[in-house]
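Peer 1: Sequence:
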Amino acid sequence: MLTLFNVFPQMASVFPFALLLCLSSGLLTAYGQASCPTGWTQFGSGCFSFNLDAKSWIDGETFCQTTGGTLASIHSAEEYTFIRNYIHQVTGTDKPAWIGGFDAVQPVTLDPLSLSSLV
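Each residue of the sequence shown is one higher than the last, beginning at 1 in UniProt numbering.
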């Protein structure tokens, strides 16, 4: 699975907040296609929303849950390319963004990584 962040505990104070990318399953229509809420963008069977308000990871996940989604996770190169292009379209640049990824058993500090540095 590709990710948009690295685990660098020593940099926790540098990036305490980042923009966030929410994923929602949307509403399935009679034809099995997702119907995304207003302001969300469909890719595959999911709906994506990029929020420009900087938040911590936990506040970002909470925000996504209140909108009916969760922080997005990336499972393919195609999904990564879509997300990178989507964020660039919304912001005009490659902004760092939180995505899902949390280990409740062994917590770590997650830091955003610029999308442009991922290959």
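If you are wondering where the hints come from, they were derived from the structure by calculation, not from laboratory data.
Treat the hints with care, since some could be wrong.
What the hints assert, rightly or not - Taking CB as the label site, the calculated pair distances span: (1) H88 with D53: 15 to 21 Å; (2) T41 with Q65: 15 to 21 Å; (3) Q42 with T91: 16 to 22 Å; (4) S45 with N85: 26 to 32 Å; (5) S35 with I58: 17 to 23 Å.
Cβ coordinates follow ideal geometry from the N, Cα and C atoms, glycine included.
Peer 1: Indicate whether the distance between the beta carbons of Q42 and T91 respects the range 16 to 22 Å.
Peer 2: Since Q42 and T91 have Cβ atoms about 19 Å apart, the given range 16 to 22 Å holds.
Peer 1: Kindly confirm whether 17 to 23 Å is satisfied by the beta carbon distance between S35 and I58.
Peer 2: Between S35 and I58, where Cβ atoms are some 29 Å apart, the hint is violated.
Peer 1: For the range 15 to 21 Å, tell me whether the beta carbons of T41 and Q65 fit it or not.
Peer 2: holds (19 Å)
Peer 1: Does 26 to 32 Å hold as the CB distance between S45 and N85, or does it fail?
Peer 2: Violated: the Cβ-Cβ distance is about 18 Å, outside 26 to 32 Å.
Peer 1: Is the distance from the Cβ of H88 to the Cβ of D53 consistent with 15 to 21 Å?
Peer 2: For D53 against H88, whose Cβ atoms are near 18 Å apart, the range 15 to 21 Å holds.
Of the numbered hints listed earlier, those contradicted by the structure are 4, 5.
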